[in-house]
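Asker: Use the sequences and the hints to build the structure in full.
If you're matching positions, the sequence shown starts at 7 in this note's numbering and goes up one per residue.
Watch out, some of these pointers could steer you wrong.
[Said to hold, decoys possible] Subject to a maximum C-alpha distance of 16 Å in a straight line, what follows is the list of computed EDC-like cross-link-like pairs (lysine to aspartate or glutamate): (1) 64 with 119; (2) 71 with 105; (3) 127 with 158; (4) 127 with 163; (5) 8 with 74; (6) 97 with 125; (7) 156 with 81; (8) 71 with 125; (9) 69 with 119; (10) 127 with 46; (11) 8 with 40.
Bear in mind the hints are in silico, worked out from the structure with no lab data behind them. Quantities reported herein were computed from a predicted structural model and do not represent experimental measurements.
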Amino acid sequence: MKITLLTVGKTDIKWVSEGLEVYSSRLRHYIGFDLVEIPELRNASSLSRDQIKTAEGKLILSKVKPGDDVILLDEHGREFRSIEFAAMLEKKMSFASKDIVFVIGGAYGFSPEVYSRADSKLSLSKMTFSHQMVRTIFAEQLYRAFTIIKGEAYHHE
Numbered sequence: 007m008k009i010t011l012l013t014v015g016k017t018d019i020k021w022v023s024e025g026l027e028v029y030s031s032r033l034r035h036y037i038g039f040d041l042v043e044i045p046e047l048r049n050a051s052s053l054s055r056d057q058i059k060t061a062e063g064k065l066i067l068s069k070v071k072p073g074d075d076v077i078l079l080d081e082h083g084r085e086f087r088s089i090e091f092a093a094m095l096e097k098k099m100s101f102a103s104k105d106i107v108f109v110i111g112g113a114y115g116f117s118p119e120v121y122s123r124a125d126s127k128l129s130l131s132k133m134t135f136s137h138q139m140v141r142t143i144f145a146e147q148l149y150r151a152f153t154i155i156k157g158e159a160y161h162h163e
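Answerer: Okay, structure coming up:
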């Protein structure tokens, strides 16, 4: 089993990419972890929001395997406390042999086709974060979950 963080576009924000690398390298001590960045669309300024979501959706779906457990990071998803997220992740890892793919969409969200393919949705907060910042925030939460699962002294409750 492995976990993939699939994102739309690359980040040009230095602290986001540095933070993402820190937590990605820490995660690899616990589980196979891949970061897959889908290139941004060319000539996106000439497309409508729906056209952008559709085109990005096709690229997202091309990276997902039929047996993957696909979890969208979405403002309408279920919210968890860190301990609850760790428990959910541990349960998925115990009872399923599927790879888990967490997906961070582009600035306009996901296409209907991506929502149809998703197994579940996860929200990090009732607040909205930029799709670039979410990468580092989520990677830290994923790392935190593994330290909770392993009983390590990172999370304080």
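Asker: For every hint, state whether the structure bears it out.
Answerer: Going through the hints against the structure:
In summary, the hint linking residue 64 to residue 119 is supported, as the alpha carbons are separated by about 8 Å, within the 16 Å threshold. Between residue 71 and residue 105 the alpha-carbon distance is near 9 Å, which keeps this suggested pair within the 16 Å criterion. Distance check on the hinted pair: residue 127 and residue 158 sit about 27 Å apart at the alpha-carbon level, beyond 16 Å; violated. Restraint check for residue 127 and residue 163: not satisfied, since their Cα atoms lie roughly 25 Å apart, outside the 16 Å limit.
The straight-line distance between the Cα atoms of residue 8 and residue 74 is roughly 10 Å, inside the 16 Å bound, and the hint therefore holds. Of the supplied pair hints, the one linking residue 97 and residue 125 holds, its CA atoms being roughly 15 Å apart against a limit of 16 Å. A threshold of 16 Å between alpha carbons decides the hint, and for residue 156 with residue 81 the separation of about 29 Å lies outside it, so the pair is violated. Of the supplied pair hints, the one linking residue 71 and residue 125 holds, its CA atoms being roughly 13 Å apart against a limit of 16 Å.
The suggested pairing of residue 69 with residue 119 holds, with an alpha-carbon distance near 14 Å, which does not exceed 16 Å. About 23 Å separates the Cα atoms of residue 127 and residue 46, which puts this hinted pair outside 16 Å; it is violated. At most 16 Å may separate the alpha-carbon atoms for a hinted pair to count; residue 8 and residue 40 meet this at roughly 8 Å.
Violated hints, listed in ascending order, are 3, 4, 7, 10; each of the other numbered hints is respected by the structure.
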